[in-house]
Each structure stands twice: as C-alpha cells, then as structure tokens.
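S.K.: Got two chains here, separate frames each, mind docking them using the hints?
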Amino acid sequence: MATAPRFQFTEGTTQYRTYKLIGYGILLLLILIVAFAYSDTGSITLFDNDYKISITRVTKAISFIIAILGLQVVAGFTGQLSLGQGFFFGVGAYLSAWLVADHNWPWLLTLVVIIPTCFIFGMAFGIPALRIKGLYLALVTLGLAAILPSLILLDKLEPYTAGAAGKQTDSDLVPPGWLPLDGIVDALHKIPLVGQYFGDGDGLSSREEQRVWTFFIMTIVAVVCFKMVGNLIKSRPGRAIRAVRDNETSAAVNGIGLAYHKTMSFGVASALGGVGGMVYVAELGIASPGDFTQLLSILFIVGLVVGGVGTLSGAVVGGLVIAFVPDWASSTQNFPGVPERWLQGPTGGLILGIMLIVLTFVLPGGIVAGVRRLRARFVRVNPARPPLLNADGPTIDPLADSATVDAASVKT
Amino acid sequence: MELFINRIFDGLSNGATYALIAMALVMIFKATTLINFAQGEFAMFGGFIAYVLATERGVPMWGAVILAMLLSALLAAGIERTLIRPFDPADHLPLVIITLGLFLAINAIAGIVWRFDPRAFPELFPSGNATSIGGANLSWYTIFTVLTVFVVAGGLTLLLNKTKIGLAFRAVSSNLESSELVGIKVGPTLQFGWAIAAAVGTLAVAVFVATPVRQIEPNVMITGLIFAVSAAALGGLDSLGGAIVGGLAIGLVQSIVVPYVGVPSELSLLAAVVVLMLVLLFKPSGLFGTPAVERV
Chain P
15 MATAPRFQFT EGTTQYRTYK LIGYGILLLL ILIVAFAYSD TGSITLFDND
65 YKISITRVTK AISFIIAILG LQVVAGFTGQ LSLGQGFFFG VGAYLSAWLV
115 ADHNWPWLLT LVVIIPTCFI FGMAFGIPAL RIKGLYLALV TLGLAAILPS
165 LILLDKLEPY TAGAAGKQTD SDLVPPGWLP LDGIVDALHK IPLVGQYFGD
215 GDGLSSREEQ RVWTFFIMTI VAVVCFKMVG NLIKSRPGRA IRAVRDNETS
265 AAVNGIGLAY HKTMSFGVAS ALGGVGGMVY VAELGIASPG DFTQLLSILF
315 IVGLVVGGVG TLSGAVVGGL VIAFVPDWAS STQNFPGVPE RWLQGPTGGL
365 ILGIMLIVLT FVLPGGIVAG VRRLRARFVR VNPARPPLLN ADGPTIDPLA
415 DSATVDAASV KT
Chain W
1050 MELFINRIFD GLSNGATYAL IAMALVMIFK ATTLINFAQG EFAMFGGFIA
1100 YVLATERGVP MWGAVILAML LSALLAAGIE RTLIRPFDPA DHLPLVIITL
1150 GLFLAINAIA GIVWRFDPRA FPELFPSGNA TSIGGANLSW YTIFTVLTVF
1200 VVAGGLTLLL NKTKIGLAFR AVSSNLESSE LVGIKVGPTL QFGWAIAAAV
1250 GTLAVAVFVA TPVRQIEPNV MITGLIFAVS AAALGGLDSL GGAIVGGLAI
1300 GLVQSIVVPY VGVPSELSLL AAVVVLMLVL LFKPSGLFGT PAVERV
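Respectively, the protein sequence lines represent chains P and W.
Letter by letter, the first sequence follows residues 15 to 426 of our numbering.
Letter by letter, the second sequence follows residues 1050 to 1345 of our numbering.
Misleading hints may appear alongside valid ones.
Restraint ranges, calculated between C-beta atoms of paired labels, are given here [said to hold, decoys possible]:
{"hint": "1", "chain 1": "W", "residue 1": "P1167", "chain 2": "P", "residue 2": "L171", "range": "19 to 29 Å"}
{"hint": "2", "chain 1": "W", "residue 1": "L1216", "chain 2": "P", "residue 2": "P397", "range": "55 to 65 Å"}
{"hint": "3", "chain 1": "W", "residue 1": "T1339", "chain 2": "P", "residue 2": "Q22", "range": "53 to 63 Å"}
{"hint": "4", "chain 1": "W", "residue 1": "D1137", "chain 2": "P", "residue 2": "R20", "range": "33 to 43 Å"}
Beyond 10 Å from chain P on every Cβ pair, some chain W residues (computed) [stated by the list, open to error]:
{"hint": "5", "residue": "M1110"}
{"hint": "6", "residue": "P1167"}
{"hint": "7", "residue": "K1211"}
{"hint": "8", "residue": "L1230"}
{"hint": "9", "residue": "E1266"}
{"hint": "10", "residue": "Y1309"}
{"hint": "11", "residue": "L1316"}
{"hint": "12", "residue": "L1330"}
Since the hints were made in silico from the structure, they are not lab data.
Yeah, the Cβ is synthetic: ideal placement off N, Cα and C, and Gly gets one too.
Same shape as in the complex, but just chain W (with noise of 0.2 Å):
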C-alpha cells in the first residue's frame, strides 16, 4: 500500500510536468493545428537560460525562473516571426521540417555551449517531506509541482478569456480566415500563442528538474516530448484542460500501471507510445478536444 501511495505522488509530479509541457504543445496547436516539435528542446533551452541567470548571475531562484521565462517567450516570438510566419498554416510539411530543424539546431546550440554533462538544478520549492499518508511520503515538492500546473492553467485561462489578445487568441483559433476578415492581425496573435507556449515549457523544465533526483542537460526533454505528446493527445490537442488531466494520466500510468503489469521500466516510453496510437486510433480528438470536421 506505501509502495502504491508513493508510486501515485512519483505519477503526479512527472505526470505535471508532461501536462505543462502539453499545454504548451495545445496553446500552438489549438491556433494552427501544427505540432512543435522542437517544444521539448525550447523547453530545454529555457531551462537552461534559468540555470544560468541563476547559478552564474547570482539571480534569485525565482526570479531567474520568470526572467528565463520572459527571455525564451520573446525568443519563440522571433523564431516564429522569422522561420514560421513565412510559410502558409494550412500547409503542415514545410512547417514540420522547420520545427524538426529547430529541434536538431536547438538540441546541437545547447550541446555546444553547455556541454552535455549533467548539471544539479536549484530546488525552486522548500525541500524535505509535508506529510506522510499510509506511510508513503508526500514531499513538497510533488504537491508543488501539481499546484504549478493548476496555477498555469488558471493563469493561461484568464489570460484567453479576459484579455483582448486572448479573445484575439481565440478567434484566430477558431477560424482563421473569418478573424483576419474582421481585422484581427493573426501573425501577431499566433507570435503571441508561440511566445506563451515558450514561457510555459521554460517554467515546465525549470520545475522538473528543481529536485536533487534530476538534473538538467541538453537531452533532458528528448523522450519528455514524447510523454506530452500522449499527454496532449489523451486529453485532446485543443483543450488545456484536457492537457491536465492527459499528463496526470501519463505521470499515473507511467509509474502506477507499467510496474504493476510487469512491464520493465525501460518500456514506460512505449505505453505512453500505445495510449498515443490507441487515442488517435479511437478517439483522435481525445477526451475533451473538439472532433475535427472535415469537408470534402
């Protein structure tokens, strides 16, 4: 029974940090129906503008966390204005060439400057355990973690609902020609979803890794896409809820069902490649996305 407990509270803080890097991944893709690949290696890059403004610059933790944040969001803005916004949305090939070009750039860059010896990252949140339940120990930092996620979620949902940019946001991704008639400019507002998606990877990596178990390194996030990716399309690759409950999903059954199936932990990668085939095989808007109609 410790062992399960533990097992969900291991589940949910990984499982959050697949839902943060989802929601990045639904913000682009809610608005274009393209899939960053290169998110994980923005992520990755972001986390490490955090180590180093906060290792080398003497930046308070948190600060050098919102800072990286900020950098990494007007980063991904220049990169969407510069390789993205040339190339027509409807047409997805050139597009992910890009982003897998960026994926390899990016991964190489980061390779290159801090080499790919593994780095301990500052503890963001306050160290040891809050409270054992059956035995098993929840320590602050899983219930950190999950509450970073509802916080990014709540932040992400006032910020598409109560803003102009936001119902701009909205409009763009819910019929692009019909907002640009109505004078909406959607290259901004796209560079606006790529720049938010970009802070949120960034805060996504800077928490995974602000525990001693982690550390960060330029293939910290090569299979972490991979989970969020599932995580996105479990919950349904429009939806930032659906997000949430996709990466709790994937953290679960990474640490809950593949042990217990006796499946090695090696192959915890391939059953989040399974939830993946099986989600888009069945349902391929997910849980909470929105079908996808197609006029012929």
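So that you can see chain P by itself, here it is in the shape it has in the complex (with noise of 0.2 Å):
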C-alpha cells in the first residue's frame, strides 16, 4: 500500500473520539432500525424470496454470538480447541427453561444460577484439557457435545425436562408500563420519507412489544458480556491467556500458571455459552433435545472461524451468520441457475461449510480480519505516545538510557 490512508487519528485527541462516538452512534442506530424496523417481521425480497429479518432471529443471532463470545476465550485467546460450548449453551438453555417454567423465576435471574453452575463444568472441563491437548481436546469436548440430547432424553430427568417433548415456557419478558415502545414506533412512523418502513401505523400489539422488549434486554445482556470480555482480555489474565496461546513452554517458563489460566478460561467461556443458551430459550420459548447436538458446538466453531478467531467483533459476525445463513438459504426456493431440488434440504450446511472452507484458504482471520484490511486501506490509528515522550517528538534517546543502566548494573 503506498498510499496513505486518507484519515489518521491519534488516540487521545478529540478526533480520534469523535470517530469512535461515530462508530458506537451508527451501532445504535442499527439496533433501533433492527428494533422498531423489523419488528414487524420485516424482509427483503430477491429473486422472488422472501428473506425475514424479523426481530427474533436478531434476538436468535444474539444467543449464538454470546456462545461464540466464550468460544473466543478459550479458543481464540487461550487456544484450546474446543468443540463442546453446545453442551454449556444446551445446559444454560435448560436451566433457565427449568427455573422459568417450574419455579416462575424471571429469566435474567436465572443467570445466577447458572453462570455459577455453568462455569464450574466448565471448570471441570478445563482440567482433563490439562493433560489433553489439541486435536485430542478436540475429540472428548466433541464427545461432550455429543451425549448432552441422550442426557436430556434421560428417564430420570424427564420430570424436569420434558424428555423428547421439549421444555416449553409460558413466560414472556413484558415491558414495564412506563416505556412508551408503543409512542416510539408511532413517533418513528411519523418522520417523513424513512418513517414508512417503521411499523405499519397503529403501533405495535402486546406481542410485539415484547419481542421489541426482548431484544432490548438481551442486546443489554450481550453489551455487558462484551465488556466484561473485552476488559478481561486486556487486563492481566487476559495476557496470561494470550501468552499460553502463542507459547505455552514459554508462559510457564515467565510464571504463568498454566492450570489456573487454562481452567478458568474453560470456566468463563462454559458460563457464557450458558448465558447465550438463556437467551436463546428466552427467544424461543421452547428448548428441545433436537437442538443441542453436536452439529450446534461444530456450528459455533464455524461461526468463530468465519466471523475471526481470537476477535471480540469476530463473535458478532460469527453469530449473524450462523443464524441466518441457514434460515436464508431454506427460504431461498428459487435462485437463478440453480436446480430447485438443491435448494430444498439442508443447503444451509453445504454454505457453511463450503464458507468453512473456502475461508480457511482466502481469509484465514474470517470476515473481520477482511473488513480490518479494507478499513486500513481508509483510516488509521495511530497509538497514543507514551507518557515518556513529550508530545514534541522523542527527547530521549533511548540508547543513552540504556547505557546508563548498564554503568549502573556494572558498579553495583
């Protein structure tokens, strides 16, 4: 690349915050249009299909990027294959069906029990990985992932889990009365020229609403495990994983526990693929043995790989795509050039695997690592200065430093 790119901004400066209060505003304006927009089942019509964005596939989406937020943990930051968070996310999702449909609870303070209980498997979990690694972790938390319907279908646990049947919940999260969802979408409908395509004018039904309420809470949900991540992963622990990632002989060599980083980082990602299992029953209304095989963790798997191993953003991406590649392709029923019996079947899987692919080759740092390079190509960010440096440009030379050091070292 020889040219500049066009916008370079400093970290600190005003600029550089003006940029990224841009970058946060354009999210919440995508969360708001996704919210009043679409709540309506809205869609997008191509070749004659009808593609939803409806709300609850966003909220879907969110369930499965929270999964994919541990998947990132422990296998993109501490690098232990994993392909067992479809259990977490099947055991969270029948906690929370369990709590809500036996013992009224309301579904956010489900999460303390499971979190708690969800991370201590995890833990668990992350103690064979110590002596098991690699492909052959790979294997077992397959395996893991493997046995969690047979666990459900049990005779013993029927009472609890409505055995095949699945577990239906009655409960809805309602809005309180005092949010004026129904006045937004009616004020929103209002502005002219973009207002027709926010609801269709007389406002939104009880059902609606709470599907809107939904959403809202659990991208609240997913915004605070994306903090607690992000501040994880560039607080110590979060270097001491990254270190045992890229060199585990040399992690421990500079005093890093391996057992301790590596057990906890099953233990965070197992309580977060609960959480995202929360959400997804909380959606659905439902959880069903048929959904929590294997084919759901190598699911995550592929949502990390497309969306960007080892990126917080990957696990958004990764998550979108693996709720809607799949919806999409079976409600495309005719595509140009291409025979109708190909689209009527799990075509789905063949897209996601294919992108598993054909990814793995072309972008092997998945869709973000793509849009990284083309933003590069626009804007760069330059890192603050130390506070070593004056804002004027190096004064001290570094060498003399050293070498003063080193006269130091040498009298003593």
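M.R.: Put into structure tokens, the structure is as follows:
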C-alpha cells in the first residue's frame, strides 16, 4: 500500500473520540432500526424469495453471539480448541427453561444459577484439558457435546426436561408499563420519507412489544458480556491466556500458571455458553433436545472461524452468519441457475461448510480480518505516545538511557 | 446366559464397524497425526454410492461395494490434493477446520441428494443364523462382519509391509522430514493414506447397514464417528491392531457393560466418551500405540 490512509487519528485526541463516537452512534442506530423497523417481520425480497430479518431471529443471533464470544475466550485467546460449547449452551437453556417454567423465576434471575453452574462444569472440563491437548481435546469435547441430547432424554430427568417433546416456557419478558415502546414506534412512523419503514402505523401489539423488549434486554446482556470479556482480555489474566496460546512453554517459564489460566478460561467460556442458552430459550420459548446436538457445537466453530478467531467483533459476525445463513438458505425457493432440488434440503449446512473451507484458504482471519484490511486503506489509528516522550517527539535518547542503566549495574 | 451371549454377539458386530472406521482414522493419523473429523461422513457417502450402484444401476452387490470403495478412494484423494495438501501438516488448526467444513458440506450434500429418509440396504452376507451357542443365535452377519475386520486388517498390513508405497507410507509416518530428504514424495504418499482410509470407511458403512436391522441415511455415522474415535484412542491412535481391539472392546462395552451396570441405553454414547476421556487422561498412547515423545 503506497498511499497513506485518508483518515489518520491519534489515540486520545478529540478527533479520535469523535471517530469512535460516530462508530458507536451507527451501532446504536442499527439496533434501533432492527428493533423498530423489523418488529413486524420485515423482509427483503430477492429473486422472488422472502428473506426475513424478523427481530426474533436477531435475538436468536444474539444468543449465538454470546456463545461464540465464550468460544473466543477459550479457543481464540487461550488456544484450546473446544468443540463442546453446544453442551454448555444446552445446559444453560435447559436450566433457565426449568427455573422459569417450574419455579416461576424471572428470566434474568436464572443467570444467577446458570453462570456459576456452567462455570463449575466448564472448569471441571478444563481439568482434563490440562493433560489432553490440541486434537485430543477437540475429540473429547466433541464427545461431550454429542451426549447432551441423550442426557436430556434420560428417564430420570424427564420430570425436569420434559423429554423428547421439549421444555416449554409460557413466561415472556413483558415490558414495564412506563416504557412507551408503542409511542416510540408511532413517533418514528411519522418521520417523513423513512417513516413508512417503521411499523404499519397502528402501533405495536402486545406480542410485538414483548419481542422488542426481549431484543433490548438481550442486547444489553450481550453488551455487558462483551464489555466484561473485553476488559478480561486487556487485563493481566487476558495477557496471560494469550501468552498460553502463543507459546505454552515460554508462558510457563514466565511464571504463568498454565493449569489455573486454562481451567479459568474454560470456566468463563462455559458460563458465556450458558448465558447464550438462556437468551436462546427466552426468545424461542421452548428447549428441545434436537437443538443441542454436536452439530450446534460445530456451528459455533463455524461462527468463530467465519467471524475471525481471536477477535471480539468476530463473535458478532459469526453469530449473525450462523443464525441467518441456514434460515435464509431454507427460504430461498428459487435462484437463477440452481436446480430446485439443491434448494430444498440442508442447503444452509452446505453453504456454511463451503464457507468454512473457502475462508480458511482465502481469509484465515475471518470476515473481521477482511473488513479490517479494507478499513486500513481509509483509516489509520496511531497509538498514543507513551508518557515518557513529550508531545514534540522523542527527546530522550533510548540508547543513552540503556547505557546509563548498564553502567549502573556494572558499578553495583 | 442366553441374553448375555446374545449381547456379546451384538457387541461384536457393532464393534466390527467401529473397528473398521477406527482403522480408517488410524491410517490418516499414523502419517500426519491428524484426525479426520469428516471420516464418518466420507464413509456414509461411500455407502450411499454403493447403495445407488446396487439398487439403481443393477451392479451386483459386492461389485457395487468394491466400485464404491474405488470411487470414494478417488474422491478422497482429490479432496486431499485440493483441500488438505496446501496446508502445513504440522499446524493442525486449519486442517481440523477444513475437516469440520467437509463434515458439514458432505452431510448436507448427502441430505440434498438422498434426503433424510432411511433406506434399506441390500444384504451382503447370507441371512439367517449359522449356529446357536447356549441358546443364543450366532448369525452369519456377525461372523462375516468380524471376519471382514480381520481381512481388512490383514490386507492393510500386507499393503504396508510388502509394497513399495506401503514402505514409503511407513517411512513418512515414522519421520516426515527425513523421508522427504531421502526422496519420498510425501504428498502423494499421504494422499494414498487418505484414499485407503476412505475405501476402508466405505466398506465399514456398507457392512454396518447390510442387515435388515439397520438402514442407510445421511446421519448414519454421526454418532458412529465418536464410537470409532474412542475405539481408535483406546487401541492407540497409530496402531491398526489396536483399532481392532479398541473397536471390538467399545462394541462390547456398549452392549454388555451398559445394560448390566443399569445405565439406560441412550447413554451408551456416554460410555464411549468416558472411555475416550479416561484413555486420553491416563494413557494417551492407548493400549498399543507408540507413546508420543515431545522435544521441548
């Protein structure tokens, strides 16, 4: 790249803050558009196919996003390839379904049980990971993911899991009375030009209000998860797990407890998987054993890789991909040049499989890496100057500095 | 007693399939220490090729199986050449992701082409019972499936020990860099391993579903892969003989230990996973495998 990027920002300056604010503003706007424009199952029509962007699907994507975020911690940042994320997703889903349906807990309160349970389960699973490495770990965790449906179907657990029929929950997240969701959508509808896309003018039915509310709550849950994982990665344990990923031996030599950090990252990942499961059931209203096979765990890996291994934003991209691609593939009923037979079947699985292979070849860093490469042509963010140097430039000669240090150590 | 012997026979015939798939896994693991997560799907696809040849093209049953083995070997060789070889064999992560992608794609293609309704597979072996021991019936099917395992193992041993490509394969699995230095073409040798593995897998599925009890459908090998993996790990991931012992042992655990310990039948998969975990925890090289030595 010979030409310098069009926009250059230095961290800590006002321009940089504006740049960041614009980014967050666009994100917020997107969330609002999804919430209010697509609460009435908006859809895009292409080649006579209806592609639905209903808000319930976006909420489902959020559940996947949180689970993949967990996978980022354990696989992306700690380097432990786990194919068992679907197990914890399923455990979280069933735990919350059981607590909500049989004990009338509010959805968010179930997290109090889900997070510690999945964390402990995950840590317990991290212990074998201390001895089982790489491929073997993938094997064992894949086995773990595969046994969940048969565990759910156990006769002894039938009273709690409702067996093959699936555990239904009637409770919905009801928006509080003071929140004028109805008013917001009406106000948006009155905006000239773009208003027609927001609602149909008759406000939101109570079902739609619940959907919008669920979406907002789960978005907040996801944002909290992202903030926490982001802080974790930037902090001391985060640097430790990245050191474990990059070179176990040298990490251990530098005094990083491999056992502690590996089990902890498994715990965090599993807890996030459980949270994702809660979101999934809260949106769907039913947890059925067929949803939590090893295929789900493999889908999470697809999301991880397609989004970008070891990036937080990769989890968002990956979650959206694995939530929407299979759905859209099955709603594609006719496509020019493709025989109909190839469109009525597990086309989504085929697309995801091919995507996984193709991306490994052309873009090993996932979609996020591609976007970043593209963005680097236009925007460059320069790191803030370290406090040691003054704003005018380096006045302290690093060489001279190290020389004095050397001289000092010789004297003593 | 009768029930017990019957269960042994059941376990042997199930175990034979696991042993065959495990041998396919071993053929790939031996050379590259890679586990092909798509091995079960390769095998299922090969089984479907045999099914189509036999029922729709009118090829005699055994001819169809052998033809399907050849075709799936060619297919696997092609996949190895295009999707696996471009990657560094020592870096496992991209390769695992490729095999997971193949898993999804092949399963989906089979689902699109053949749909998910189970189909009866023509029988390969004489039906009926050969003899009865202590009141339990030993069917020809059980005898022949177990026999197939030993024939395949014998064939593979001969292939590896008496042919030139077998010698090259053993050299590559013993030391990849050194064999490259002495002029062995590593790529085609590994390709040979993939082809053999696919052929063995195809035979495994054909044998597995060649009984009226079972039918062929795209998800036939989804859990089978996990049984096979734990079989391979139990026997030692780089030992062909170990794969047989491991496969039969897992089959017997599934049909004897699981009912007698009082575990519900749904949890037979759990038994396999527990075996896998215990083996990897306490004896990662398995019963007959070569212990891995790591240089730091």
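S.K.: Against each hint, give a clear statement of whether it holds in the structure.
M.R.: Okay, the hints, checked on the actual structure:
1. In this structure, P1167 (chain W) and L171 (chain P) meet the distance hint of 19 to 29 Å, their C-beta atoms being roughly 28 Å apart.
2. Against the hinted window of 55 to 65 Å, the Cβ-Cβ separation of L1216 (chain W) and P397 (chain P) comes to about 56 Å, which satisfies the hint.
3. Between T1339 (chain W) and Q22 (chain P) the Cβ separation comes to about 56 Å, which falls inside the hinted range of 53 to 63 Å.
4. The supplied range of 33 to 43 Å is met by D1137 (chain W) and R20 (chain P), whose beta-carbon atoms lie about 37 Å from each other.
5. At roughly 27 Å, the least C-beta separation between M1110 (chain W) and chain P is larger than 10 Å, which holds for a residue marked as non-interface.
6. For P1167 (chain W), the non-interface assignment is confirmed: its Cβ lies about 16 Å from the closest Cβ of chain P, beyond the 10 Å cut-off.
7. K1211 (chain W), annotated as away from the interface, keeps every beta carbon of chain P farther than 10 Å; the closest lies near 31 Å.
8. With a least CB separation of 26 Å from chain P, L1230 (chain W) remains clear of the 10 Å interface cut-off, as annotated.
9. Distance to chain P confirms E1266 (chain W) as a non-interface residue, since its nearest Cβ pair spans about 13 Å, more than 10 Å.
10. The claim that Y1309 (chain W) lies off the interface holds: its Cβ sits roughly 18 Å from the closest Cβ of chain P, which is beyond the 10 Å cut-off.
11. Chain P draws L1316 (chain W) into its interface by the beta-carbon criterion, the shortest separation being 6 Å against a cut-off of 10 Å.
12. Interface exclusion of L1330 (chain W) from chain P breaks down, the closest Cβ pair being 6 Å apart, not more than 10 Å.
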